[in-house]
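J.: One-letter residues, chain by chain:
2 protein chains.
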Amino acid sequence: MHFQITHTDGNARAGRLSLPGSRVVQTPVFMPVGTQAAVKTLSEADLRFLEVQMILTNAYHLYLRPGSEIIKEKGGLHAFMNWQGGIITDSGGYQIFSMSDLTKITADGVTFTSHLDGSRHVFTPESNLRLQHQLGADIIMTLDVCVKYPSPAEEVRRAVELTSAWSRRCLSEHEKGNSAQSLFAIVQGGVSPEARRISAQELCALPFPGYAIGGLSVGEGPILMNHMLDVLHPLLPEGKPRYLMGVGTPLDLWEAVARGVDMMDCAMPTRIARNGTLYTSRGRLVVKNAAYARDGAAPDPECACPLCTRHSRAYLRHLFHTHEISALRLSTLHNLTFMINLTKFIGTSIQNGVFAEAREEFIKKYRSGDIPE
Amino acid sequence: MHFQITHTDGNARAGRLSLPGSRVVQTPVFMPVGTQAAVKTLSEADLRFLEVQMILTNAYHLYLRPGSEIIKEKGGLHAFMNWQGGIITDSGGYQIFSMSDLTKITADGVTFTSHLDGSRHVFTPESNLRLQHQLGADIIMTLDVCVKYPSPAEEVRRAVELTSAWSRRCLSEHEKGNSAQSLFAIVQGGVSPEARRISAQELCALPFPGYAIGGLSVGEGPILMNHMLDVLHPLLPEGKPRYLMGVGTPLDLWEAVARGVDMMDCAMPTRIARNGTLYTSRGRLVVKNAAYARDGAAPDPECACPLCTRHSRAYLRHLFHTHEISALRLSTLHNLTFMINLTKFIGTSIQNGVFAEAREEFIKKYRSGDIPE
Numbered sequence: 070m071h072f073q074i075t076h077t078d079g080n081a082r083a084g085r086l087s088l089p090g091s092r093v094v095q096t097p098v099f100m101p102v103g104t105q106a107a108v109k110t111l112s113e114a115d116l117r118f119l120e121v122q123m124i125l126t127n128a129y130h131l132y133l134r135p136g137s138e139i140i141k142e143k144g145g146l147h148a149f150m151n152w153q154g155g156i157i158t159d160s161g162g163y164q165i166f167s168m169s170d171l172t173k174i175t176a177d178g179v180t181f182t183s184h185l186d187g188s189r190h191v192f193t194p195e196s197n198l199r200l201q202h203q204l205g206a207d208i209i210m211t212l213d214v215c216v217k218y219p220s221p222a223e224e225v226r227r228a229v230e231l232t233s234a235w236s237r238r239c240l241s242e243h244e245k246g247n248s249a250q251s252l253f254a255i256v257q258g259g260v261s262p263e264a265r266r267i268s269a270q271e272l273c274a275l276p277f278p279g280y281a282i283g284g285l286s287v288g289e290g291p292i293l294m295n296h297m298l299d300v301l302h303p304l305l306p307e308g309k310p311r312y313l314m315g316v317g318t319p320l321d322l323w324e325a326v327a328r329g330v331d332m333m334d335c336a337m338p339t340r341i342a343r344n345g346t347l348y349t350s351r352g353r354l355v356v357k358n359a360a361y362a363r364d365g366a367a368p369d370p371e372c373a374c375p376l377c378t379r380h381s382r383a384y385l386r387h388l389f390h391t392h393e394i395s396a397l398r399l400s401t402l403h404n405l406t407f408m409i410n411l412t413k414f415i416g417t418s419i420q421n422g423v424f425a426e427a428r429e430e431f432i433k434k435y436r437s438g439d440i441p442e
Numbered sequence: 070m071h072f073q074i075t076h077t078d079g080n081a082r083a084g085r086l087s088l089p090g091s092r093v094v095q096t097p098v099f100m101p102v103g104t105q106a107a108v109k110t111l112s113e114a115d116l117r118f119l120e121v122q123m124i125l126t127n128a129y130h131l132y133l134r135p136g137s138e139i140i141k142e143k144g145g146l147h148a149f150m151n152w153q154g155g156i157i158t159d160s161g162g163y164q165i166f167s168m169s170d171l172t173k174i175t176a177d178g179v180t181f182t183s184h185l186d187g188s189r190h191v192f193t194p195e196s197n198l199r200l201q202h203q204l205g206a207d208i209i210m211t212l213d214v215c216v217k218y219p220s221p222a223e224e225v226r227r228a229v230e231l232t233s234a235w236s237r238r239c240l241s242e243h244e245k246g247n248s249a250q251s252l253f254a255i256v257q258g259g260v261s262p263e264a265r266r267i268s269a270q271e272l273c274a275l276p277f278p279g280y281a282i283g284g285l286s287v288g289e290g291p292i293l294m295n296h297m298l299d300v301l302h303p304l305l306p307e308g309k310p311r312y313l314m315g316v317g318t319p320l321d322l323w324e325a326v327a328r329g330v331d332m333m334d335c336a337m338p339t340r341i342a343r344n345g346t347l348y349t350s351r352g353r354l355v356v357k358n359a360a361y362a363r364d365g366a367a368p369d370p371e372c373a374c375p376l377c378t379r380h381s382r383a384y385l386r387h388l389f390h391t392h393e394i395s396a397l398r399l400s401t402l403h404n405l406t407f408m409i410n411l412t413k414f415i416g417t418s419i420q421n422g423v424f425a426e427a428r429e430e431f432i433k434k435y436r437s438g439d440i441p442e
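Line order of the protein sequences matches chains A and B. One gets our numbering by counting positions in the first sequence from 1 and adding 69 to each. One gets our numbering by counting positions in the second sequence from 1 and adding 69 to each.
Among the hints, erroneous ones may be present.
Beta-carbon label-pair distances, calculated as ranges [said to hold, decoys possible]:
hint	chain 1	residue 1	chain 2	residue 2	range
1	B	R351	A	P306	56 to 62 Å
2	B	R351	A	R85	55 to 61 Å
3	A	G144	B	V423	41 to 47 Å
4	B	A359	A	A176	37 to 43 Å
5	A	H190	B	S437	39 to 45 Å
6	B	R199	A	I432	47 to 53 Å
7	B	Y218	A	G144	46 to 52 Å
8	B	A234	A	R134	56 to 62 Å
9	A	R85	B	S87	52 to 58 Å
Derived list of chain A stretches under chain B, where covered just means 3 residues or more per stretch with a C-beta under 8 Å from a C-beta of chain B [as the list claims (entries may be wrong)]:
hint	segment
10	130-144
11	237-250
The set of hints was computed from the structure by calculation and includes no laboratory data. On a predicted model such as this, the values are computed, not experimentally measured, just so you know. The beta carbon of each residue, even a glycine, is placed where N, CA and C say it ideally should be.
Can you build the whole structure from these sequences, using the hints too?
T.: Okay, structure coming up:
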């Protein structure tokens, strides 16, 4: 993997991430979430149409279904999905701590219960790393320990400690193989500047090619999240990619990039799309509302996506009210078009040295809530 | 509306149906079902991609949701859906008799209960006709009385009688307006040759531009269905289009066309697709089966659809097992590709005078169940 920063504007960066298989990703990049080797409602052809550069999938989910042996046998995730863009697998640390019951952590690893059938499983840093080798994504993640927000300082400290230890073990397991995959470490530390500092310093002492920031966007709100990004900015190595996990809203994207973040993923744009909430440049449009029953306008008249160029709010509302699943896909296509175009726009504003002005203008319009009639 | 038969081969016919708005439909034609102004899982762009010529929607469902006033205000069904292909609305007679409780028939019309909220509604032949005028499909259908299979002879006789009376009233209401829509009558009569004869003779004495055959494919099986088609063949006017409602399987298509049918619709290809059953030239493939968990072959290696050219059985099975709704859409695209290609192939075999040979060859291969590995 090779990462090159081509432009900076304040702390914001635009660059190019070269992955195995001649995949080049322009940063900043927004990565749709395809937890189970599929972005919900979309096909791989849809992802290509949207010019998605990279998606995030999840080792925990794929370990349970269909199992990594099948994916390996089929040639890895790219071949299994027939998706030639970039893929990251998250280790599943977050999922284990948020979805499983009876999770038991020891220094050695984590024992957890499948959310599907209640069966018991164990991940050690090493076994999880081997799992991600089998899955074959371009970028893989260390097994980390996540804490809820808020958590007692002692738990946060312990999570940072274990995350550092496990990251070292993941790296050492990774270095045994001859993998072209890039292993990123995940900085933890909750909303404690001190814990974040320790986590970043311990992980940055190790030769990871990239660093993720985990454990944010879990309810702490934008003020605390942005403060943590401010704390981390000077601590992370300048020339390596920085990936803020699970973020975020259109406004979050600007704030994260302003603080040096290069990569982001979030399930929210696709999740709220399936619920009938559409991003527009003037805020969110809740298309199920009665106000739109006779509204012949495009959901977002400024948008050139397959939904907005072909269908009215009235028709989309009808599709939602009659439980037609085409409504879910069309809205997903729209929200991802919005997020991908927004990220491109942010990148262009960095290249042109007008990031601050572009951010101010976007925020003002977006916050107006003045949905075009 | 203008209908021209361009080729015949035995009783099978190939032709051209010219609809308002310069829409030309090649017959025989298979029409996907889009009950609620949408073919389940698909967008209008998908329908264009599939080269769908015409879809069937339902006046009963659209009357309940979103209501015909909204559709009329938005410029009718074509504008509401932004679908420029052909549209038929069924009157909803079948749905009223199959989905509603407490349905009460009088000579004047039918009182029924909404399957959505239990509210009471009345359709008379005239009000139903006006409803379909508001919806604005290219072809509209008379309000008919459907009986279950099997039904006592007396009930079948009474349904035929009422259907004839109501068809006359629909026609007279239709002629009051200046509509470019074509009104088709629906022949009833269950599986009684005598009742079918009476129904056909009474309706064919009236100047309808086309005739549908209703009340079949409701459990009577192919032998009785084909017998009814044989009975009707000499009774229906040769130069007018014949539409067999709710049919059918790939084998049914051949049998219906062999008996002079020009138009067919069926929800089965899309319904079974959503359940993971795919048509292939060698029979049905049930992709959820464990046998396909590691199968890297295309669902149908002979198929050029967006599913079969891009994805394996193993991946599609994974999508079904993880409840990804993209599986439903991809399978729907496949089954409709199959049905539309099959209907085109049937038409070509008529044009080339090889219908009987083509039918025999297709049936032999399809019945083999010899799904390609």
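J.: All hints are to be evaluated individually against the structure, with a verdict given for each.
T.: Results for each hint:
| no. | hint | verdict |
| --- | --- | --- |
| 1 | B/R351 <-> A/P306: 56 to 62 Å | 58 Å, holds |
| 2 | B/R351 <-> A/R85: 55 to 61 Å | 48 Å, violated |
| 3 | A/G144 <-> B/V423: 41 to 47 Å | 43 Å, holds |
| 4 | B/A359 <-> A/A176: 37 to 43 Å | 39 Å, holds |
| 5 | A/H190 <-> B/S437: 39 to 45 Å | 43 Å, holds |
| 6 | B/R199 <-> A/I432: 47 to 53 Å | 51 Å, holds |
| 7 | B/Y218 <-> A/G144: 46 to 52 Å | 50 Å, holds |
| 8 | B/A234 <-> A/R134: 56 to 62 Å | 58 Å, holds |
| 9 | A/R85 <-> B/S87: 52 to 58 Å | 56 Å, holds |
| 10 | 130-144 | holds (count 6) |
| 11 | 237-250 | violated (count 0) |
Hint check: violations occur at hints 2 and 11; the rest are consistent with the structure.
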